[in-house]
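Colleague: Here is how the chains run, residue by residue.
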Amino acid sequence: MTSASAVEMKLSRRSLLAGSAATAGAFSFGFSVPFADEALAQGATPEINAWVVVQPDDKVVIRIARSEMGQGTLTGLAQLVAEELECDWAKVTTEYPTPGQNLARNRVWGNFSTGGSRGIRESHDYVRKGGAAARIMLVQAAAAEWKVPAAECSVAKGVITHKASGRSLRYGEVAAAAAKLSPPSEVPLKDPKDWTIAGKPLRRLDTADKTNGKKIYGMDFKLPGMLNAAIKDCPVFGGKVKSFDAAKIKDMPGVKHVVPVGDSAVAVVADTWWRAKTALDALPIVWDEGEHAKVSSESIAAWLKEGLDAPQAAVGNQVGDVKAAIAGAARTIEQVYSYPFQNHACMEVMNATALYTPERCEVWTPTQNGEAALAATAEASGLPLAKCEAYKIDLGGGFGRRGAVHDWIRQVVAIAKQIPGTPVKLIWSREEDMLHGRFHPVTQCKLTGALDKDGNLTGLHMRISGQSIVAGIFPQNIQNGRDPAVFQGLNPPGPEASIGYTIPNLLIDHAMRNPHVPPGFWRGVNLNQNTIYLECFIDELAHATGKDPLEFRRALMKSHPKHLAVLNAVAEKAGWGTKAPEGVYRGICQTMGFGSYVAAVAEVSVSPEGKLKVHKITAATDPGHAVNPAQIERQVEGSFVYGLSAALFGECTVKDGRIVEENFDSYPVMRLEDMPAVETVIVPSGGFWGGVGEPTIAVAAPAVLNAIFAATGKRVRSMPLRHADLRKA
Amino acid sequence: MAKLNINGKTIDVEVDGDTPLLWVIREQIGLTGTKYGCGVAQCGACTVHVDGVATRSCSMPVSAVTAEQKIVTIEGLSPDGSHPLQKAWIEHDVPQCGFCQSGMIMAAAAMLQANPKPSEADIAAEMTNICRCGTYNRVKAAIQQVAAGGELGRG
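Protein chains in written order, with my numbering: chain A, 3 to 731; chain B, 16 to 170.
By construction, these hints were calculated from the structure, which means they are not laboratory data.
We put the beta carbon where it would ideally sit given N, CA and C, even for glycine.
Warning: the hint list may mix true and false statements.
As the list claims (entries may be wrong) - Result set (EDC-like, lysine to aspartate or glutamate): computed pairs, CA atoms no more than 16 Å apart in a straight line:
| id | chain 1 | residue 1 | chain 2 | residue 2 |
| --- | --- | --- | --- | --- |
| 1 | A | Lys657 | A | Glu293 |
| 2 | B | Lys102 | A | Asp211 |
| 3 | A | Lys613 | A | Asp676 |
| 4 | A | Lys242 | A | Glu291 |
| 5 | B | Lys102 | A | Asp208 |
| 6 | A | Lys159 | A | Glu175 |
| 7 | B | Lys18 | B | Asp31 |
| 8 | A | Lys325 | A | Asp311 |
| 9 | A | Lys216 | B | Asp95 |
| 10 | A | Lys242 | A | Asp658 |
| 11 | A | Lys224 | B | Glu42 |
| 12 | A | Lys61 | A | Glu49 |
| 13 | A | Lys615 | B | Glu135 |
| 14 | A | Lys258 | A | Asp273 |
Claimed, not checked - Label pairs and their computed distance ranges (CB to CB):
| id | chain 1 | residue 1 | chain 2 | residue 2 | range |
| --- | --- | --- | --- | --- | --- |
| 15 | A | Lys195 | B | Asn130 | 42 to 52 Å |
| 16 | A | Asn479 | B | Gly164 | 49 to 59 Å |
| 17 | B | Thr25 | A | Gln57 | 37 to 47 Å |
| 18 | A | Ser668 | B | Thr25 | 33 to 43 Å |
From just these sequences and the hints, can you work out the full model?
Modeller: Right under this line is the structure:
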């Protein structure tokens, strides 16, 4: 896939049409949001800089480059800008610049990619500088009007004051003058301990319209004269359309067009989506299922199992001589774990609206990466980037599905190209969404632990076998068969996804086995299964040596103070070591990823019939800085829903080369009745910036699995739990 | 052709009788607050009230609704977003992505109308809508606040 950022851009500023979807709620295309110089000419409010527009009534519009998909990044990023801007938080609104504008302005808003829990941790510095620079310019403008030194002026809540003369001006009164000033060369930032807007548990900026039906998602988007499309792609990945009989459905109500989409899909375009779908369901399609039509979950599992002992494997982390340690051990323990395919199952299915003419192609879509969406639009339309635009619409869930691969954009553009001048909205059915996900990778892991006569861990070999997301999506990043991302949470000591234990002889390696089912970045990514593998096995070792699971970990964590601190924080909060309520058992685990340290204690009970109840989870997280503690709590709670949905229920199986589970009746997810109480402990230690949207997912399953062992003596090593017999051993 | 009473207005719609009520509401009537999530009455994103009863509109053909039956969508729950549940939802900052929340609120409103003081078990049994972001505990807290406030229901 071509990265939009890699493409040389020479866009005419005046040719750009900006994102009405995100900015004004006016959904007619062609709505123009001009740039600063043009805005001045037209009498509109100019921007102070790329991040900040102040209107005459003091309303502050903060530009947000990352995508809002529920995680709260829009509010958090606005808090960081507003903190440095010293504006009145009650007057803050936000808008998205478009990817086309970003490229035209030399990527002034930086990266649009919203994945890997990077929204805040990778842009906090430059967005805060944007707010601070705007504040300096606003103060300068006021000082110039008063003919006093700027250093004599103070500012609070959007009001600039010159104390000596008793004068004050509002931001809105000096915004036009400030916009004409040169940006400051020195932009110092506040010490986070002095924050008054950032760091506070503020409510989200975008809630009201989510309670009254006014919020427009991609699925709700409309253009004048728009048609609606439903699509079927070959259910076997890699298969093609052999033929379809359009004549059979062309007279059905509302049907306008029946069109091929690439060589693997067919779409029906109709006046309404329901009629398009109804006709598509009646369309005879003959598939050429291709070379993968015999693949099954069983054949994939057998291939991965072979990889557990294969001689060839890429090394992710190596210390000492693990073979010698195992050979010389007083005792060895070996176990195999596995983790299945998962679908993201965003509540809002994939969708996009496109308008193609030979001169221009525009797409409106929920995306986690506006620039990648623009690149996909350009590639699919065959038009240069300068003649394309992608307008971001807030997402009805993303979870990684809507970031790296924009397959649905390629489809809608392919359809729109066949009906130039007519806008068309493509909505996938839930069944299409389930069959054509970008799935959580499938892996197995064999763990071999070497123990000395005192029960100390002297060696550990973790052999991961299975799928590489990077090989599936960014194959150019695979070097000598090694996918560095596959070792997430298991890396040597360092700032990202490092293992929290010191083990004298350690080997973590990966035998890559890539089935034909396309992998994707699924919220939590490889930290999910790696944390299950390591943290459940560490628990096994603790029990095998008669040691308390917390104490066993602590002994290995002396050189990993940040990992240890969150583990201790959660243990203390959850009362580890104290008596649990009758029939309730605890499990504990920790990990590090997406720049943050996390740990959890789960409390479960298992009935004599084997029914599991997760009563409560206590979670600790150290993200370095906590930009909005209230939203971090919500991300932690949400992480348990996502992580436990997978652990308890989630599994996409493969039969005859295709995914079997087509809807929520066969792909169950957590509902309110399954939800444990969640207590969140936020322990930001400062000095670094970590993410919060994903890391906690990884500790959900192992905490519960370890608690189940405590309750039943049963060790579940393959997901999902619904297949396991949990009656007491 | 169908005659529907939606949010207090009687509307004639040109539509095939087997079209699900959801798609009539979204495509013919143009109210998009009611969402498509699964199409098989699993997720509840399409929940509306039909004569006060929470109904998964994706699986109800429009021909099964009479002109006398009162359909209420999220847009009609209150004139200005002031239903006690909507206010509680804002106070508790419940939504994340928000896509499922119309259905959540409509399901909760119907539940409280029938059972103004639901127990935790009642809430767990009635609130079967799917949320993938994970707002369940906030949904529960907002419902419990409204139930405790006694602003709803027949009493």
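Colleague: Would you mind marking each hint as holding or not holding in the structure?
Modeller: We went through each hint and held it up to the structure:
1. Lys657/A x Glu293/A: Status holds; Cα separation ~14 Å.
2. Lys102/B x Asp211/A: Holds. Lys102/B to Asp211/A sits at ~12 Å (cutoff 16 Å).
3. Lys613/A x Asp676/A: 12 Å, holds
4. Lys242/A x Glu291/A: 6 Å, holds
5. Lys102/B x Asp208/A: 14 Å, holds
6. Lys159/A x Glu175/A: Answer holds: Lys159/A to Glu175/A is near 14 Å, not above 16 Å.
7. Lys18/B x Asp31/B: Distance of about 12 Å is within 16 Å: holds.
8. Lys325/A x Asp311/A: Distance ~13 Å between Lys325/A and Asp311/A Cα, so the pair holds.
9. Lys216/A x Asp95/B: With a Cα-Cα distance of about 11 Å, the restraint between Lys216/A and Asp95/B holds, given a limit of 16 Å.
10. Lys242/A x Asp658/A: Measuring from Cα to Cα gives roughly 15 Å; hence the hint holds.
11. Lys224/A x Glu42/B: 10 Å, holds
12. Lys61/A x Glu49/A: With a Cα-Cα distance of about 12 Å, the restraint between Lys61/A and Glu49/A holds, given a limit of 16 Å.
13. Lys615/A x Glu135/B: The hint holds at about 15 Å.
14. Lys258/A x Asp273/A: Distance ~7 Å between Lys258/A and Asp273/A Cα, so the pair holds.
15. Lys195/A x Asn130/B: 42 to 52 Å: 48 Å, holds
16. Asn479/A x Gly164/B: 49 to 59 Å: Distance hint for Asn479/A, Gly164/B holds at roughly 55 Å.
17. Thr25/B x Gln57/A: 37 to 47 Å: 42 Å, holds
18. Ser668/A x Thr25/B: 33 to 43 Å: Given a distance of about 40 Å, which is inside 33 to 43 Å, the answer is holds.
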